[in-house]
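Novice: Note that the protein sequences, when read in sequence, are chains S and W. At the far end of the first sequence sits residue 703, using the UniProt record's numbering, and the numbering has no gaps. At the far end of the second sequence sits residue 703, using the UniProt record's numbering, and the numbering has no gaps.
Derived by calculation from the structure, the hints in this document are not laboratory data. A couple of the hints might just be wrong.
Pairs count within a copy or across copies, as identical chains cannot be separated in the list.
Said to hold, decoys possible - Cross-link-like lysine-lysine pairs, in silico, DSBU-like; alpha carbons within 35 Å at most:
| hint | residue 1 | residue 2 |
| --- | --- | --- |
| 1 | K550 | K699 |
| 2 | K550 | K627 |
| 3 | K544 | K34 |
| 4 | K225 | K214 |
| 5 | K699 | K473 |
| 6 | K63 | K550 |
| 7 | K696 | K55 |
| 8 | K55 | K34 |
| 9 | K702 | K464 |
| 10 | K225 | K702 |
| 11 | K34 | K627 |
| 12 | K613 | K464 |
| 13 | K613 | K627 |
| 14 | K544 | K696 |
| 15 | K544 | K627 |
| 16 | K544 | K613 |
| 17 | K55 | K214 |
| 18 | K696 | K464 |
| 19 | K613 | K214 |
| 20 | K473 | K613 |
| 21 | K702 | K473 |
| 22 | K225 | K63 |
| 23 | K613 | K696 |
| 24 | K464 | K699 |
| 25 | K63 | K702 |
| 26 | K699 | K225 |
| 27 | K473 | K544 |
| 28 | K473 | K550 |
| 29 | K550 | K702 |
| 30 | K699 | K613 |
There are 2 protein chains.
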Amino acid sequence: MEDAMTRTDAGPELATELPDEVSTPRDAATDSAKLEVDAAWLGEYLLGRWAEERKASRALASKPEFQFVGDLSLAEHRERVLAQLRLLVENDAVHRAFPVRFGGGDNHGGNIAAFEELVLADPSLQIKSGVQWGLFAAAILHLGTEEHHERFLPGALSLEVPGAFAMTETGHGSDVASAATTATFDEDADEWVIHTPFRAAWKDYLGNAALHGKAAVVFAQLITKGVNYGVHAFYVPIRDADGAFLPGVGGEDDGLKGGLNGIDNGRLHFDHVRVPRTNLLDRYGHVDPDGEYSSPIASPGRRFFTMLGTLVQGRVSLDGASTLASKLALHIAITYGSQRRQFTAGTSDEEVLLDYQRHQRRLLPRLAQTYAMSFAHEEFLDLFDQVFSGASDTPSSREDLETIAAALKPLSTWAALDILQEAREALGGSGFLAENRLTQLRADLDVYATFEGDNNVLLQLVAKRLLTDYARKFAKADAGALAQYVAGQVGEAAVNRTGLRQLAQTVADFGSTARSVGFVRDEDSQRQLLTDRVHTAVAELAAKLRPASKLSAVDAAALFNRYQNDLITTARAHGELLQWEAFTRALAQVPEGDTRQVLTWLRDLFGLGLIEKDLAWYLVHGRLSGKRAEAITAYIDDRLLPRIREHALSLVAAFGLTPELVRAPNASGNEQRRQDEARAYYATLRASGEAPVDEKALKAAKR
Amino acid sequence: MEDAMTRTDAGPELATELPDEVSTPRDAATDSAKLEVDAAWLGEYLLGRWAEERKASRALASKPEFQFVGDLSLAEHRERVLAQLRLLVENDAVHRAFPVRFGGGDNHGGNIAAFEELVLADPSLQIKSGVQWGLFAAAILHLGTEEHHERFLPGALSLEVPGAFAMTETGHGSDVASAATTATFDEDADEWVIHTPFRAAWKDYLGNAALHGKAAVVFAQLITKGVNYGVHAFYVPIRDADGAFLPGVGGEDDGLKGGLNGIDNGRLHFDHVRVPRTNLLDRYGHVDPDGEYSSPIASPGRRFFTMLGTLVQGRVSLDGASTLASKLALHIAITYGSQRRQFTAGTSDEEVLLDYQRHQRRLLPRLAQTYAMSFAHEEFLDLFDQVFSGASDTPSSREDLETIAAALKPLSTWAALDILQEAREALGGSGFLAENRLTQLRADLDVYATFEGDNNVLLQLVAKRLLTDYARKFAKADAGALAQYVAGQVGEAAVNRTGLRQLAQTVADFGSTARSVGFVRDEDSQRQLLTDRVHTAVAELAAKLRPASKLSAVDAAALFNRYQNDLITTARAHGELLQWEAFTRALAQVPEGDTRQVLTWLRDLFGLGLIEKDLAWYLVHGRLSGKRAEAITAYIDDRLLPRIREHALSLVAAFGLTPELVRAPNASGNEQRRQDEARAYYATLRASGEAPVDEKALKAAKR
């Protein structure tokens, strides 16, 4: 295989590879313009399985009372969002995921779908409602038993008891297992003693903690009879009816934040606060009146991850909300870019921004990425629903769900920040005005990159899983077989089992496919390159880390640390592959026709864009020749960008974002009106014969 | 040369190339720890030529009354910053650049140095004072004559007349030449008639326009006797003593923005507003009472660029302020990263964040970049001072200054956003708290990427200059010579003449240098690779764009557009080379010793980081083999990061940012105190014998 794809295998030029192709970007655009995207159909397709729930939530988000307004004080914004939560309750918008007897529908996927759409109204509303019902109430539901549901869920659901989700501590964020708050069982009193031993153990960054919370689900080390059984969740009242802290409870306001200021984040600490034994949410760990601990899950490690796994919906919803914010940003920037004109390009008319190659390069690959995120999220949400509805709730499917969450949440939350920023810059100065929304959305979504699991930490979880799968696969392989694999042999032994589906395709005859005509635009070639990227990197890392098993703990840690960056970039490549596969599967369901053709170009732009971004890897590993690499870039510039540009407005129209959801003046058509007025003015002036002569023309005439 | 550096020339492994080197990252760190950086000396060195002005400005920025406070309403923040401007006047902090007779010192470099330091207090203060004295008053100074100085400067300097700089229009930002506002001369009245013909011609985003401005320097098309002489500047009163618009003047408030809300940005429009003939700031274009136009610069194009060139200081100061904000961000993140512990790495102790490779990869290359930005800015400011003081004011030096401004301002403004964001994420949830300052700074600096010239537009100016220089150089060369050049022949004919100094070094015997021992860490090799990157890209682009001269205007524009992205990435590479050269020149002035050794590693990290970022280009063009490429990454990971990590705190200490300037609780040592307290607690607990037994240990014991 190395022979077939060495770096000196330059291959034919793209022009001769694609004889049936048009020859200039303008020709590509002209041909593409003959196609018509069915934006209405595509819009429904994008809404996916939970279209009804999404539409219901968008109807709420379209109402001014749910929407962000600027220039509120911290206190005013917090009050406004609290009132919006009450409105959600009044609108029966918060119960979907809960049991029927509490007014819910056991509809887990639909609940998240509806919830994430609230980001279009105000991310503070999305996140504060997420704290109340997606974390606080959900912890009661998933970590508690029926007795807890009866006692605590009604108040949580009705918002009679606003609650904090007290997991993170000042000293421990993503490393939940090391939380330092203790819950020690007092047999005599049949009570838990919740205690904060030092400042770093204060619970921190908790929504509802600064002001509105009446209770908290507190994560603490469960200690009984002198044994620490690890982190468990306890229901702890924190404030009385007047809003004063209960005895032993204290706290601080986190104050102003970079965004999400509609949420009253704060700190909590506990000085030997006592709650009844039965306030332990004990689905996964129970303590008898005599202090004996029992659990349905014997392994402390597996128990911990099972408990945390019930809270994966936070990551699901951030992935979805980030995708929605990206859609909104691109709707705004592409609308404006299709109307705004600046500088001339060979004629007296100024050029539309989106006709500039650079502007296409800035926005269209991000449009392709957003489609990939959207299709990947739909599959992710479906798997989440299967697990949480019980339709397919196995340890293996839960583990897959965790891994996919850890792979997709970092990619989409980072992508949203990048896309919001590029959109803001693409609007120039007007992008910096609050009225065009991009800056505020970016400020709010900033923290998505580090909460619900720091992105860099999550990607390491993915890498760990990739290595584990690899090790399982090759447990019986000898060193020689491994070395051969590492040398680049990517045969049928696809190691990557952590896909949205199992990646079972054979990576066959890599070399000859790569040589074929039309290589760069071929779906199978994209798949092979992207898959091989992940497989080979995993195999290389496994080989490099193999000595760790024979080293001391400290030396093994140092060895892992030496490759930490590679581990994370490999996990990222894996996540990108998941997105590409989801896009490709979604594409396969689109009926033959113009829409499918345009979406195929968009998928190709996503896939080839990933390869282009990681080009050095493919070159160093001999997977692409320099000529082929250049052909990919030329294909993007000459074909894909001009073709997709023709349909950019249709592709954002399919996001279905109505004016009430967009609310950005510069995506309203006002720029088009300004341009039309200006052009009409100059046309009239020229026709009048009274236009001033240009000095340059005058000089030329005098010569 | 191609032969010497083909992609199949793998070269020896790094390990054998560097036999005298230590063998693991830990060894590299241990050896490096023996060195000591002289942070005090380095601090003075970084302060540079205008150290006194910087210190004076930092003293002001250290006072609470100049500093940003959170949770102010829009109105309150605007009033606060206006009051701060008055305080600056009282502190004699605004006159430095102005003539002695107005209380100034004709100190152009020192003025900018002092002014940009204000970003440490509040970017709104920096920018609003920039509007008043760096744009409004500076336009009077540079575009007006002595008569204007006498009439208008005293009020502008004293802040008796807050002024707007009315250049940008809603419809035209970076394309100033196309501004649509007109100033038509009325001979009978001896007056200018300032007029806004349509909505897109409203002046927009102007500081001081919404509220405080009493006058404006308005840029408008100068029309007299039926001839349009292009954009000129006019002094136009806009509000009366009570703050009401004068007759014919109207406007709107731009409202809330993504940041910089201490500045009252707004819109202005003019309905046949009359000002005396003498209100034309007529240093570069004069109109007689009989309406005859005259100018010391005959060429309309050169006249326009000369007038705009007098305002380059905006770009200089954004470059400096971005560098300072980057220093502050890294001070905060590296301080915190040196104290914060999370997860264990083979011992019972948790690991310090900055000992993780990923954390080093996130922060240390950005530290190197910030040093490069700092040294490049110092040279840039020096050239600015030479031009504006008249010490070296030639058309050529002005042209160089413009090009360097257009190259450096995009790089540093984008870098600041990237660095502020990475620092914010490196602080986890605490980075999102306003008290740690990173989110607010990022929000404020966001607009730096698009004002004072959109970054993408500026980089195209740089590319244009590179191509022009190339064309001049090869004006007499035949096609064969060009083709040979394009094929990769980088000999003595260095085309890149737009450096901070002329890049006159001979790029000699590229191949044999590349083969030598220690290739990857060699200064000359870095220079050759980085220089060749720019030269070759320019030559390739020149060849691709060569047919344009024979095409119609429309087809030529389409051809340029096809390579617009390449033009911009080439300009970016040129800017990076300027930064690398400035770093290298600054390094040459550092006395032999430990500090120089550590700075050399830092410069290498910057240079090799640039090569790594652009690796695909070097591979595709056969400038590096795959093995060499991998050796660069390994050298960064095994040597440079662990070595520099040992001195990271000293390297940020040299930024000289005192607690009053930093003002971020999590860079104050509080994290260290929390860590110490937590560790002491656990040590005491273990010593007491009363620590709970871990469940896992218990299970192991029971087996």
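Novice: All the hints need checking, so say for each whether the structure fits it.
Specialist: To see whether the hints hold, each was checked on the structure:
Taking identical chains as interchangeable, the C-alpha atoms of K550 and K699 lie at most 35 Å apart only when they sit on different chains, with a minimum of 25 Å there against 84 Å within one chain. In this assembly of identical chains, K550 and K627 lie within 35 Å of each other by CA distance solely across copies; the values are 28 Å between and 43 Å within a copy. For the homomeric pair K544 and K34, the shortest alpha-carbon distance between copies (30 Å) is at most 35 Å, but the shortest distance inside one copy (53 Å) is not. In this homomeric assembly, K225 and K214 come within 35 Å of each other (Cα to Cα) only inside a single copy, at 30 Å, whereas the closest approach across copies is 76 Å.
Only between protomers do K699 and K473 lie at most 35 Å apart by alpha-carbon distance; the minimum there is 30 Å, versus 79 Å within a single protomer. Taking CA atoms no more than 35 Å apart as the test, K63 paired with K550 passes in neither setting, with 62 Å inside one copy and 58 Å between copies. When the C-alpha separation of K696 and K55 is checked against a cutoff of 35 Å, the pair qualifies neither within a copy, at 58 Å, nor between copies, at 49 Å. In this homomeric assembly, K55 and K34 come within 35 Å of each other (Cα to Cα) only inside a single copy, at 32 Å, whereas the closest approach across copies is 64 Å.
With identical chains, the CA atoms of K702 and K464 are at most 35 Å apart between copies only, with a shortest distance of 30 Å across copies and 77 Å within one. Taking the shortest alpha-carbon separations for K225 and K702, only the inter-copy value of 16 Å comes in at or below 35 Å, while the best intra-copy value is 103 Å. In this homomeric assembly, K34 and K627 come within 35 Å of each other (Cα to Cα) only inside a single copy, at 31 Å, whereas the closest approach across copies is 48 Å. Taking the shortest alpha-carbon separations for K613 and K464, both the intra-copy value of 24 Å and the inter-copy value of 26 Å come in at or below 35 Å.
Both within a single protomer and between protomers do K613 and K627 lie at most 35 Å apart by alpha-carbon distance, with minima of 16 Å and 20 Å respectively. Only between protomers do K544 and K696 lie at most 35 Å apart by alpha-carbon distance; the minimum there is 30 Å, versus 68 Å within a single protomer. Taking CA atoms no more than 35 Å apart as the test, K544 paired with K627 passes in both settings, with 31 Å inside one copy and 17 Å between copies. In the homo-oligomer, the alpha carbons of K544 and K613 lie at most 35 Å apart both inside one protomer (25 Å) and across protomers (23 Å), since each shortest distance falls under that limit.
Taking CA atoms no more than 35 Å apart as the test, K55 paired with K214 passes inside one copy only; the shortest distance there is 32 Å, against 50 Å between copies. Within a single copy, K696 and K464 get their C-alpha atoms only as close as 67 Å, which misses the 35 Å cut-off; across copies the closest is 22 Å, which meets it. Taking identical chains as interchangeable, the C-alpha atoms of K613 and K214 are never at most 35 Å apart, the minima being 49 Å within one chain and 51 Å between chains. For the homomeric pair K473 and K613, the shortest alpha-carbon distances inside one copy (29 Å) and between copies (34 Å) are both at most 35 Å.
With identical chains, the CA atoms of K702 and K473 are at most 35 Å apart between copies only, with a shortest distance of 33 Å across copies and 83 Å within one. Taking the shortest alpha-carbon separations for K225 and K63, neither the intra-copy value of 55 Å nor the inter-copy value of 56 Å comes in at or below 35 Å. For the homomeric pair K613 and K696, neither the shortest alpha-carbon distance inside one copy (45 Å) nor that between copies (45 Å) is at most 35 Å. Taking the shortest alpha-carbon separations for K464 and K699, only the inter-copy value of 25 Å comes in at or below 35 Å, while the best intra-copy value is 72 Å.
Within a single copy, K63 and K702 get their C-alpha atoms no closer than 64 Å, and across copies no closer than 62 Å, so neither meets the 35 Å cut-off. Within a single copy, K699 and K225 get their C-alpha atoms only as close as 98 Å, which misses the 35 Å cut-off; across copies the closest is 14 Å, which meets it. Within a single copy, K473 and K544 get their C-alpha atoms as close as 17 Å, which meets the 35 Å cut-off; across copies the closest is 50 Å, which misses it. Taking CA atoms no more than 35 Å apart as the test, K473 paired with K550 passes inside one copy only; the shortest distance there is 20 Å, against 62 Å between copies.
For the identical chains of this complex, K550 and K702 are inter-copy neighbours only, at 27 Å across copies versus 88 Å inside a copy, given an alpha-carbon limit of 35 Å. Taking CA atoms no more than 35 Å apart as the test, K699 paired with K613 passes in neither setting, with 50 Å inside one copy and 49 Å between copies.
Of the numbered hints listed earlier, those contradicted by the structure are 6, 7, 19, 22, 23, 25, 30.
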